[in-house]
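A.B. asks: Could you put the whole structure together from the sequences, leaning on the hints where they help?
Position 113, counted from 1, in the sequence shown is what this note's numbering calls 123; the numbers after and before it change by one each time, with no gaps.
Just to be clear, a hint being listed does not mean it is correct.
To be verified - DSS-like, lysine-lysine: derived pairs with alpha carbons at most 25 angstroms apart:
{"#": "1", "residue 1": "K30", "residue 2": "K84"}
{"#": "2", "residue 1": "K84", "residue 2": "K219"}
{"#": "3", "residue 1": "K52", "residue 2": "K168"}
{"#": "4", "residue 1": "K224", "residue 2": "K168"}
{"#": "5", "residue 1": "K52", "residue 2": "K84"}
Simulated from the structure, these hints should not be mistaken for lab results.
Because the structure is a prediction, the values reported are computed rather than measured.
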Amino acid sequence: MSDTHAAFDLRTLSKSDTYKLLASTILPRPIAWITTLDDDGKPNAAPFSFFNVVSADPPLIVVGFSAAPDREGKDTLANICRTGELVVNLVPEELAEAMNITATDAPRGLDELTLAGLATVPSLQVAPPRIAGSPVSLECRTFQIIEPGGSSTILVAKALEMHIRHDAFEDESRLHIDPAQMRLIGRMHGGGDYATTRDMFEIARIPWKEMQSKQS
Numbered sequence: 011m012s013d014t015h016a017a018f019d020l021r022t023l024s025k026s027d028t029y030k031l032l033a034s035t036i037l038p039r040p041i042a043w044i045t046t047l048d049d050d051g052k053p054n055a056a057p058f059s060f061f062n063v064v065s066a067d068p069p070l071i072v073v074g075f076s077a078a079p080d081r082e083g084k085d086t087l088a089n090i091c092r093t094g095e096l097v098v099n100l101v102p103e104e105l106a107e108a109m110n111i112t113a114t115d116a117p118r119g120l121d122e123l124t125l126a127g128l129a130t131v132p133s134l135q136v137a138p139p140r141i142a143g144s145p146v147s148l149e150c151r152t153f154q155i156i157e158p159g160g161s162s163t164i165l166v167a168k169a170l171e172m173h174i175r176h177d178a179f180e181d182e183s184r185l186h187i188d189p190a191q192m193r194l195i196g197r198m199h200g201g202g203d204y205a206t207t208r209d210m211f212e213i214a215r216i217p218w219k220e221m222q223s224k225q226s
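C.D. replies: Here it is as structure tokens:
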């Protein structure tokens, strides 16, 4: 059988082409809309899509930061390195435009939340506020910062407190969530391409005993 795939050696591929291929194929990616506090205690907000949950015990999330070409480092990462605190807010469709505003390369110290017209709510265990309109927010503290070499920094953060909007639940007493009610968006391949999470389908898992009976 002939190979139908193109092969790329990431050890020798340029950084820009490596990013292009990774960002264009690992899809869709959830968006960590991170709020932090700067040196003066002013809030900062920015979205990052090299992000996911990596452990439930302990509850850990990971965010990848690439170096900012126009400054020493991203404001969000600098704030986290200094305070060890952040809030990860997930992005619903209705706040997509506001999220995009906070992604602008604004001058250091500018309050992106005010710029985007976003209301905030005080957090319970960390100093940075959470975004009121986000259906899900996780208050986090730094667990580990990894410098793998190159231009990236990897943050592993431990979630301490989780806020979930009441209407996101099918049955709150049983912690059953209806993803359609959250209307979250994910990052796609292009500079301004996003996907919704409304188009879902279900495949039931097959127990091994049932799998064996089908094969016999």
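A.B. asks: It remains to establish, for every hint, whether it holds in the given structure.
C.D. replies: We went through each hint and held it up to the structure:
1. K30 / K84: Given that 25 angstroms is the threshold and the Cα spacing comes to 20 angstroms, the pair holds.
2. K84 / K219: Distance ~51 angstroms between K84 and K219 Cα, so the pair is violated.
3. K52 / K168: holds, 23 angstroms
4. K224 / K168: Distance ~43 angstroms between K224 and K168 Cα, so the pair is violated.
5. K52 / K84: holds, 15 angstroms
The structure is inconsistent with the numbered hints 2 and 4, although it conforms to all the rest.
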